[in-house]
Amino acid sequence: MRRRVQVVVVDPVACDGHGVCAELLPEMISLDPWGYPIVSPEPVPFGLDREANRAVASCPRLALHLLDAPDGVQAAAPPPRTASRS
Amino acid sequence: MSPLLPRLLRGLGADGASIGLPAHLDLWGPLPDTRRGGLVDDVADAGLRGHGGAWFPAATKWRAVAGAGGRPVVVANGAEGEPASAKDALLLERLPHLVLDGAVAAARALRAEHVIVFAPARRRPRLIEAIEARRRSAADGVSIELAVAPDRFVAGQETAVVSYLNGRSGLPTFARFHPVWRSGVGGAPTLLHNAETLAHVALIARFGSEWYRQAGRPDAPGTVLLTVTGVDGAPSVVETQKGALLGAVVGGIDRQRCRAVLLGGYGGTWVDPDTASRLPVTEEAARAVGATFGAGIVAMLPHDRCPLAETARIARYLDQEKADQCGPCVRGLSGMVAELDGLAFGARRAGDAARRLGQLCDLVEGRGACRHPDGAARLVRSALRIFADEVLQHQQRGPCPESRAPGWLPTGDEAPRHVRSGNGAIRPGATGALTSRSRK
Ligand SMILES: Cc1cc2nc3c(=O)[nH]c(=O)nc-3n(C[C@H](O)[C@H](O)[C@H](O)COP(=O)(O)O)c2cc1C
Ligand code: SF4
Ligand code: SF4
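For the record, the sequence lines run as chains A and X.
Here our numbering = 1-based position in the first sequence + 4.
Here our numbering = 1-based position in the second sequence + 68.
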């Protein structure tokens with residue numbers, strides 16, 4: 005079965021800038037100067053599904069969501085975890 | 069049926085009176101029965117785009133609503149929260165049956181049973197009269213209801229409209245999961261159009277797509293209503309064929325008298341007078357110069373005003389009018405206001421406000437539940453681009469003397485203005501009410 009390609013989106017009305025998501029999924033989420041998440045528009049890369057799901061489940065405001073990407077969008081290999089933390 | 073101008077504004081009496089149902093039907097003939105379908109194709113063939121600001125192809129929306137399943141609802145959006153716009157007010161006050169025809173034709177074509185007209189309280193008397201007249205004639209076969217729009221800038225944003233009609237806050241919502249075409253009023257698929265878009269539908273339903281395309285250009289067919297505010301500050305609504313040169317449409321843009329032209333409204337863009345003069349009235353042409361016609365707003369800043377001061381005032385208005393829901397919009401817009409206030413009115417400052425403003429624009433774009441912050445960023449970016457010299461002068465020498473002049477475009481507190489309508493008729497009594505806006 006083909007793997008579902010998904011994107012991470014944040015509902016800005018619900019989000020209150022806890023920043024938990026950026027800690028759990030730093031490959032895809034950084035924080036702006038006010039502490040609100042900036043989410044990569046790219047599909048969740050291979051190998052990061054578990055982390056993405058965990059970030060979504062951990063958001064205290066239920067503001068983070070995984071959405072199916074439009075047809076034809078391909079997931080990329082994940083960046084190395086350490087590199088993106090620097 | 070002559071395709072020439074005026075089209076939508078054809079029914080305007082010189083005395084400024086509102087056209088009643090019998091006179092409307094005398095002028096345009098009966099509204100054809102659009103129940104058998106086909107109107108969707110006509111709207112597609114006409115190339116009709118939305119006139120509420122985004123210029124989205126209307127037929128794409130209709131097809132999405134038709135394909136969503138369930139019985140749709142049609143909403144005529146007459147909120148017109150934009151202070152520099154008066155075209156929807158003109159339509160709803162003086163040509164209400166054109167808008168109602170369009171909504172009814174759309175409802176019939178999509179098998180909707182219910183039309184909602186969403187408009188500010190000051191539109192109520194005229195709309196109740198018009199809706200009552202139609203109820204008595206019993207020709208529509210759909211129910212028409214009036215909902216009074218809250219008096220605030222974001223009230224007319226589509227998810228805000230739906231939120232209000234569903235008895236909630238009336239503020240924009242994050243609609244990635246439930247776009248209004250799929251799940252809108254009462255959860256039903258909802259076709260929401262600007263009042264002017266529906267007025268065009270009324271004529272496409274009668275005369276077809278080929279007739280619609282006789283005006284304008286093949287790549288930009290039809291006509292458009294523009295609210296033009298001259299350097300004297302007096303707004304008027306004009307109808308033009310798409311593709312006409314803006315300079316000609318507004319009777320010339322005099323560089324000596326006009327410092328810059330605001331296109332597309334408060335969430336639009338500043339354009340220099342020469343570029344504006346030569347600009348064909350099409351959304352594509354506007355976008356090619358980094359601008360937008362938005363909801364058809366053209367405002368000419370007089371030469372004796374400071375464009376940075378005016379931008380700061382408009383930004384302050386947009387900041388006050390934001391819905392205070394989304395972090396980046398809340399923080400970003402107030403940050404922009406602080407920077408612009410410093411730049412426009414503050415003491416001499418060496419700081420690089422322009423760079424910080426650019427960063428704030430980057431930080432808000434695409435990050436709100438609605439496009440309000442994107443509009444603010446668009447305005448600010450255009451100011452930095454068009455008024456680079458003024459920015460430098462303010463930074464080096466402090467505010468210019470013109471920045472002390474009073475605000476020019478309405479930003480909330482000023483007295484009602486008089487609006488001239490299409491054929492130049494002035495009727496202070498009725499038209500004063502057209503743009504008077506009370507702050508919430
Ligand atoms: C902040 C904001 C305010 C808006 N206000 C209005 C409005 O007052 N009237 C309107 O027709 N559209 C308004 N819009 C656009 C609507 O969201 C929607 O796109 C439009 O009504 C759709 O109609 P159309 O397809 O006929 O253009 C606004 C959008 C934003 C982001
Ligand atoms: S964890 Fe949730 S509330 Fe916190 S910043 Fe991320 S999305 Fe926003
Ligand atoms: S983006 Fe701004 S105006 Fe739009 S809903 Fe969010 S806070 Fe309100």
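There could be a bad hint or two in this list.
Said to hold, decoys possible - Some chain A residues near chain X, calculated using beta-carbon distances under 8 angstroms:
(1) 9
(2) 13
(3) 15
(4) 40
(5) 50
Hints were generated in silico from the structure; no laboratory data involved.
Please read these numbers as outputs of a predicted model, since none were measured by experiment.
Yeah, the Cβ is synthetic: ideal placement off N, Cα and C, and Gly gets one too.
Evaluated hints:
no.	hint	in the structure
1	9	violated (16 angstroms)
2	13	holds (6 angstroms)
3	15	holds (4 angstroms)
4	40	holds (4 angstroms)
5	50	violated (24 angstroms)
Hints 1, 5, counting from the list given before, are not met by this structure.
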